[in-house]
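Just so you know, the sequences run in chain order A and G. Residue 1 is where the first sequence starts when you use the working numbering, and the numbers rise one by one after that. Residue 1001 is where the second sequence starts when you use the working numbering, and the numbers rise one by one after that.
Each hint should be verified, as a subset may be incorrect.
If you want a taste of the chain G side facing chain A, the calculated C-beta under 8 Å gives, among others [to be verified]:
| id | residue |
| --- | --- |
| 1 | Gly1121 |
| 2 | Glu1123 |
| 3 | Pro1127 |
| 4 | Val1242 |
Cut-off 20 Å, straight-line C-alpha distance, at most; resulting in silico cross-link-like pairs (DMTMM-like, lysine to aspartate or glutamate) [claimed, not checked]:
| id | chain 1 | residue 1 | chain 2 | residue 2 |
| --- | --- | --- | --- | --- |
| 5 | A | Lys320 | A | Glu330 |
| 6 | A | Lys249 | G | Glu1128 |
| 7 | A | Lys350 | A | Glu332 |
| 8 | A | Lys320 | A | Asp302 |
| 9 | A | Lys369 | A | Asp246 |
| 10 | A | Lys166 | A | Glu137 |
| 11 | A | Lys320 | A | Asp371 |
| 12 | A | Lys367 | A | Glu97 |
| 13 | A | Lys263 | A | Asp192 |
| 14 | A | Lys263 | G | Glu1123 |
| 15 | A | Lys298 | A | Glu121 |
| 16 | A | Lys186 | G | Asp1178 |
| 17 | A | Lys248 | G | Asp1263 |
| 18 | A | Lys350 | A | Asp383 |
| 19 | A | Lys400 | A | Glu121 |
| 20 | A | Lys263 | A | Asp246 |
| 21 | A | Lys369 | G | Glu1123 |
| 22 | A | Lys220 | G | Glu1128 |
I should point out that these hints are in silico values taken from the structure, not numbers from a laboratory. Even glycine gets a Cβ: it sits at the ideal position worked out from N, Cα and C.
Below are the chains, spelled out letter by letter.
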Amino acid sequence: MMDKKWLIAAALPALMLGACKKDGAGAPGGSGVTVGVLQSLTGTMAISEITVKNAEMLAIAEINASGGVLGKQINAVVEDGASDPSTFAQKASKLIESDHAATVFGGWTSASRKAMLPVFERTKNLLWYPVQFEGNECSPAIMYSGAQPNQQALPALEWAKKQGYKTYFLIGSDYVYPRTANLILKKHIAKDGLTVLGESYVPLGGTDFSGVIAKIAQAKPAIIINTLNGDSNVAFFKQMTAAGMDPKKIPVMSFSIGEQEAKAMGTGLVEGSYASWNYFQSLSSPENAKFIAAYRQKFGADAAITDPMVHGYLDVYAWKAAVEKAGSFEAEAVRKAAASLGSISTPMGKVSFAANQSLTQKAYIGKLKADGQFEIISDSGADLAPEPYDPVAFPGKTCKL
Amino acid sequence: MSAALLLTQLFNGASLASLYLLAALGLALSFGLMRVINMAHGEMLMLGGYLAFLTLQVVPGVLGIIVAMPVAFVGAAAVGAVVQGALVRRLAARPLDTLLATWGVSLILQQGARDLFGAVGVEVRAPEWLSGGVALGAVVLPTTRLFIIGVALVVLGALALVLRHSRIGLLVRAVNQDRMMASACGIDVGRVDMTVFCLGSGIAGLAGVMLALLGPVTPNVGQGYIIPAFLVVVMGGLGSIVGTCVAALVLGLFLALAQVFVDVSVAQMLMLVFVVLFIQVRPQGVVAVKTRALDA
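The whole structure should be built from the sequences, with the hints applied where relevant.
Structure below.
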């Protein structure tokens, strides 16, 4: 299997070279500024990432329409990470070194972020990362706008505890995010005197869940915590339903299923399952209504909007605000300005970047309805300050930038 | 470890084996006959999934999946015919080139599906009559999986009948045993090749419909099954249908039972180790086919 992946990885850049000839447009002193947009447009993560790319492009188009950044139009170079971490790393260095991107918006899986991190550190560039993740990382080269564990996973656990769920089954894709998120969850579950009945991992993109489901049927957990990513979820829910355990019979709390994923999977398959995010499409606010309307005008009247899309969208605006505050496109100045911007108004409400370059935001729990929207059944109330290192799982570690 | 889990996993192993078998039969047929490694075979599975999706748009409801099976079979067989006629046949003397050419076809088909249907995948839902399961004590056997095992058995039976008792089966066996002699006896070898390639592609298309009942239908879906399918073919003994069945069953059960103790990723790794060791001990595979194809 590796062989084939390598071949594809080797063949892709060659195919792409012909497609991208925007070099130099964003070179300093030109009339525009180049930024990179790097998401998986193909492969198992395409189900989630294409729409994040759309949201980032929407923000860029809006900013360009209203005069650009520091008087410069933004030229976005879009690249495909192809759901493959090494491709992400390659494309990131291509965007920075040959397209001279001032900054890059993108990434989804933690595997992709971990692969890109050395590139951004080496080139002293800045990555705006839009997705919830496992924390346990703290680099000046990344603005972590997605939820830290204490802004998604732990509020979900808190909620489950309040509902009286005492036994848990953890299932995830086999890579760094689910493993670390579950490590944190297990520590908290044990600390709270609750029980983990089982823990199973399936390779990213895997479609055979027969063994996992047999173990779930044996363990009979009160609730399943699902950190599967991408279209593995389709297989998981199809096979759970076939085994007579649909989300209405055994509650499932998912960390990577938003409105878009539910729609692509077929809402009927996942109806009644729970999700924990910092944003739901059903949030009512004028900013949110405006964003949804703008997105739908551009990408289709029935488009679903998700948390990572809004994070991707607000990242572009936060970058613009930070560049304007710093008066420069230089990454070092921009990241310092971003961390001291104060609160910015976004479709998910007022948020701000903390000194550790992560976002201070609220957490919500939603239950998926038949129409593909989440009914918000619980929220954290106050804004949650981001904690990259969970004090229970990683005592003594702190993030100082 | 409880008995119920073990029984469930035995059943799951059989279910997995039936999928592997459907995915591998076509490969075994075309490899056995032509020594052609068809890298685009996985895309025939994908094609089957998309044809099931299209069929369900036209024929929704109870009979959708039943109609989708022949549609996917014929559709994938037709694409197989094009690949065989336009490409494989012309490269017959250069096996390495067929490998590359069919890999190219595989990429083209994947990109084609992406352009036509989007990278995200389409929804194929199992019909109502396939939901639920049969309870055997503490073990619940999902109807979907029983259905797939049934389809695999029917396909296998039909294939055995065709190969054993029909005229085309006789010709296939003749070409398989000694291509040159068969050709000298007046058998149109090219037509036999074409028939077998279409048949193999068609079965893969059918397998794609089965996969759609259990997993996502995306442009990449074939990639996940092509490796196990190759493993089954290699382990079964190149070109032997009996060997393919045994190997599919052994690997399906191995993977399912390994999952009682370890995660899926580790189980897959163990399966590869198992096949490597097996090939060391028995390089000819489960069943060694007597053929003169390798003499030349």
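Right, here's what the structure says about each hint:
Given the 8 Å rule on beta carbons, the hint for glycine 1121/G holds: about 6 Å separates it from the nearest Cβ of chain A. The criterion of a C-beta within 8 Å of any C-beta in chain A is met by glutamate 1123/G, whose closest approach is roughly 4 Å, and the hint holds. Among the interface hints, the one on proline 1127/G is violated; its C-beta lies about 12 Å from the nearest C-beta in chain A, farther than the 8 Å criterion. For valine 1242/G, the shortest C-beta to C-beta distance to chain A is roughly 25 Å, which exceeds 8 Å, and the interface hint is violated.
A threshold of 20 Å between alpha carbons decides the hint, and for lysine 320/A with glutamate 330/A the separation of about 12 Å falls inside it, so the pair holds. Our distance criterion of 20 Å between C-alpha atoms is met by lysine 249/A and glutamate 1128/G, whose separation comes to about 17 Å. Taking the CA atoms of lysine 350/A and glutamate 332/A, the gap is near 25 Å; set against the 20 Å cutoff, the hint is violated. The suggested pairing of lysine 320/A with aspartate 302/A is violated, with an alpha-carbon distance near 29 Å, which exceeds 20 Å.
The straight-line distance between the Cα atoms of lysine 369/A and aspartate 246/A is roughly 14 Å, inside the 20 Å bound, and the hint therefore holds. This hinted pair does not check out: lysine 166/A and glutamate 137/A have alpha carbons roughly 30 Å apart, beyond 20 Å. Only pairs whose Cα atoms come within 20 Å are accepted, and lysine 320/A paired with aspartate 371/A is rejected, the gap being roughly 35 Å. At roughly 44 Å between alpha-carbon atoms, lysine 367/A and glutamate 97/A are farther apart than 20 Å, so this suggested pair is violated.
Among the hinted pairs, lysine 263/A with aspartate 192/A is inconsistent with the structure: their alpha-carbon atoms are about 35 Å apart, more than 20 Å. Proposed proximity of lysine 263/A and glutamate 1123/G is supported: the alpha carbons are some 9 Å apart, at most 20 Å. This hinted pair does not check out: lysine 298/A and glutamate 121/A have alpha carbons roughly 35 Å apart, beyond 20 Å. With a CA separation close to 62 Å, the supplied pair lysine 186/A and aspartate 1178/G exceeds the 20 Å bound.
Taking the CA atoms of lysine 248/A and aspartate 1263/G, the gap is near 26 Å; set against the 20 Å cutoff, the hint is violated. In summary, the hint linking lysine 350/A to aspartate 383/A is supported, as the alpha carbons are separated by about 9 Å, within the 20 Å threshold. For a cut-off of 20 Å, the pair hint linking lysine 400/A to glutamate 121/A stands: about 16 Å separates their Cα positions. Restraint check for lysine 263/A and aspartate 246/A: the C-alpha separation of about 17 Å stays at or below 20 Å, so the hint holds.
Annotation: proposed proximity of lysine 369/A to glutamate 1123/G holds, straight-line Cα distance about 18 Å (limit 20 Å). A hinted pair counts as satisfied when its Cα atoms are at most 20 Å apart, and lysine 220/A with glutamate 1128/G does not qualify at roughly 25 Å.
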